[in-house]
Amino acid sequence: MDKIFEKGGKLYWLHSTVDAFESFLHVPGTVTLKGSHVRDAIDLKRLLILVVFAAAPAALFGMWNVGYQHGLAMGQTGVHILEYFWFGFLKVLPLYLVSYIVGLGIEFASSQIRGEEVSEGYLVSGFFIPLIVPVDIPLWMLAVAVAFAVVFGKEIFGGTGMNIWNPALLTRAFLFFSYPNYMSGSECWIAFRKGETAVADAFTGATPLALDGPAQYGTGFWDLFIGTVPGSVGETSVIAILLGAFLLLWTGIASWKIMCGSVAGALLVGGIGQLAGITDIPFYMQLLYGGFAFGTVFMATDPVTSCQTECGKWIYGLLIGMLCITVRLFNPGYAEGMMLAILLMNTFSPLIDHCVTGAHISRRFKKLKAA
Amino acid sequence: MSNNIVLKKGLDIPVSGCADLVVSKSMQPSVVAVEPGGIKGLLPRLLVKEGDRVLCGSPVIADKQNPGILLTAPASGTVKEIVRGEKRKLLAVLIQVDDRQEYVQFDTSDVKTALMQSGLWPLLVQRPYGVLADPAAAPKGIFVSAFHTSPLAADTEFTLGGEVQSIQKGIDALATIAPVHVSLDGSRKDSAFSRLTGCTLHSFRGKHPAGNVGVQISHISPIMKGETVWTVSLAGLAAIGKLFATGRCNLRRKVAVGGPAALCPSYVEALPGTPMKSFVAFWGNTEEQIRIISGDILSGAAVGKDGYLGRDDDQVTIIREGVDKELLGWIRPIRFRQFSTDHSYFSWLMPWRKYDMDTNLHGGPRPFLMNDNYYSKVLPMDIYPVFLAKACLAGDIEKMEKFGIYEVLPEDLAVCEFVDPSKNYIQDIIAKGIDLMLKEMA
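Note that the protein sequences, when read in sequence, are chains W and Z.
Per my numbering, the very first residue in the first sequence carries number 1; after that it's consecutive.
Per my numbering, the very first residue in the second sequence carries number 1; after that it's consecutive.
If we strip away everything but chain W, and leave its shape as in the complex, we get (with noise of 0.2 Å):
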């Protein structure tokens, strides 16, 4: 049985599938080959898992959220929980199905091409990027923004590991910049039945951000961090995001130095912000405002694209902090600077590693010259 699936066989071409998902079965029986004779049980497809684990919370509260902000809009009350969130799930549902079928299927096609196994990466890029894109956006062209993401932002670079940017921020770039009115505004956030309309008077779906008037639904601190308010599926609760945040930095796959930068980073520019009267919004809702927790949590510290030593995360962290606030302060026309700090600082952390390794040999260099 096996023996067609090896080179030379019939399905030689499905190789690197049977593999995938023989390996998804059991842990299998390779013995190593050279070097250390003895592993850790530790593998990637678990510390992968855990990160899809740490993002299920945020994930199912958002299920709950977009049901329960189209009940707002339809002026619905007395709706039980789970309505809710059966409505949020059949609408989340087919994000998810789009996102792992385009995603894994190239994903599964260039594995077999360099004949490599097939990596976990996307189990997590693909589960995260239904939570960070409007929950109306059409199915194609979330699947179009995968294909890109997925070809130009992780398999010419020659797959997991090799990746410049992050696959999930960069399809939501793709969206943003090629469908800017499926992704901005006030019409998006806000999952509508075909040929509704909103009831609600002078209602507006519009995130906290882009408000400029009354809204019907509350703004203040404990909403947003419950996570009661419009916006993309996983990004509205900072409670929920927390716990993941909890587990990620418990199990060490994300670096707390990298979170508690960029947290410091916005806290610094939000609070010259409001000193300098730039803008009203006290500077520790800042935190609480957007994609900035679900973007410091889960997206800055993908070990991937991040600083890879621990003076340039500190560097890195507090860069996004810094320039997602400047973003929100200082332009008018596209509120939330988030998605692009990550992809510029993304870009720029391995000249910060550079620099950082760079300074830390010749400061040693010396110290032994002295010594």
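It should be emphasised that the hints constitute simulated quantities derived from the structure, not laboratory data.
There could be a bad hint or two in this list.
Calculated lysine to any residue pairs in the SDA-like style (CA-CA distance at most 25 Å, straight line) [unchecked claim]:
{"#": "1", "chain 1": "Z", "residue 1": "Lys277", "chain 2": "Z", "residue 2": "Ser16"}
{"#": "2", "chain 1": "Z", "residue 1": "Lys423", "chain 2": "W", "residue 2": "Gly29"}
{"#": "3", "chain 1": "W", "residue 1": "Lys367", "chain 2": "Z", "residue 2": "Glu398"}
{"#": "4", "chain 1": "Z", "residue 1": "Lys390", "chain 2": "W", "residue 2": "Gly115"}
{"#": "5", "chain 1": "Z", "residue 1": "Lys40", "chain 2": "Z", "residue 2": "Lys432"}
{"#": "6", "chain 1": "Z", "residue 1": "Lys207", "chain 2": "W", "residue 2": "Thr251"}
{"#": "7", "chain 1": "W", "residue 1": "Lys10", "chain 2": "W", "residue 2": "Phe177"}
Dock chain Z against chain W, hints included.
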């Protein structure tokens, strides 16, 4: 004691099967092997033919580039067979051992000549690159680690604690070439080796690889470009001492035999080149697939049942081959029988536990994905392991120099390889990097 160094990073791998501190057997094999493999930089030229008589200490193999450097017979007897591999590569010279041992008596008036003639010179390893020491080189120091931290390693206080006088003789001899540095186990107060004189004593305390001489050098006197140092194992130093005390070559040593698949783990007395068949009592007639390693589980050589004890090894480890598939293994919340340093498992809750580890890779090979810190947290050296490995993969000489290729041998990064979730062969990557350096710098 001049230097007390405490290393915080590192990892003691909790594998079961530690050898009891008792010598269960004194090996008297009928055949011993002289293997030129494993000595980097030695181009072997055969000096004997089948049927020749050799004494303990008689030359068997010489180095082509430096004909003064010899490999000698560890026991007296008759050359039984010359084993060759592909392209007639010399693999081993097998010697049928006599019942009564006769020794070549060496003149020990000149240290270097005595070491070369007696065949003990290859015990000296030259860094950078871990090659056969060049007799013309002027090393800035000779470094000795007086303890092991590697998993299931021989306890040097037990194996060599009684040979302090020989070790002192060895230090006295080597000190005529370069200053000798000996690193002691800082966690032991009553070390037999703390009375050594004529050398600089250092004390290291920490988890593995704190006992690796490479790690110790990087804290005592890091190797800069253009510098060389020599290292020698403690057992090798004792053999050198015996040469200068008696004029004879005597490599007999206590060897720890252990591992999860070993029956009655204990010590034996054996010569380098002893066939693994002599160790058969330690695995009995098991039906399981086992791997027999001359050395430790992190960087020893899998020699198999037909192999021989390595030239400078004082440890044999026997572990099961991990060929079993484990259903949904990677996603189970608790895998009680597996050890992991990662917090996604629960081994950290039971720091006292020892594990029956096997050779399973526990995953598939992937590109490096985790940060440098994931690896450097177990490496007590001032280098960036992932940056170094990537420089080696890219073959970028300048970056390899920058990231510390002069300071490491593959064994120093073995713990990084152990914890790697991407299952890369980091030691092999470093070894290839070193080969490239040797080629380019020659």
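Practice task
Taking the numbered hints from earlier one at a time, note which ones the structure violates and give those numbers from smallest to largest.
Solution key: 7
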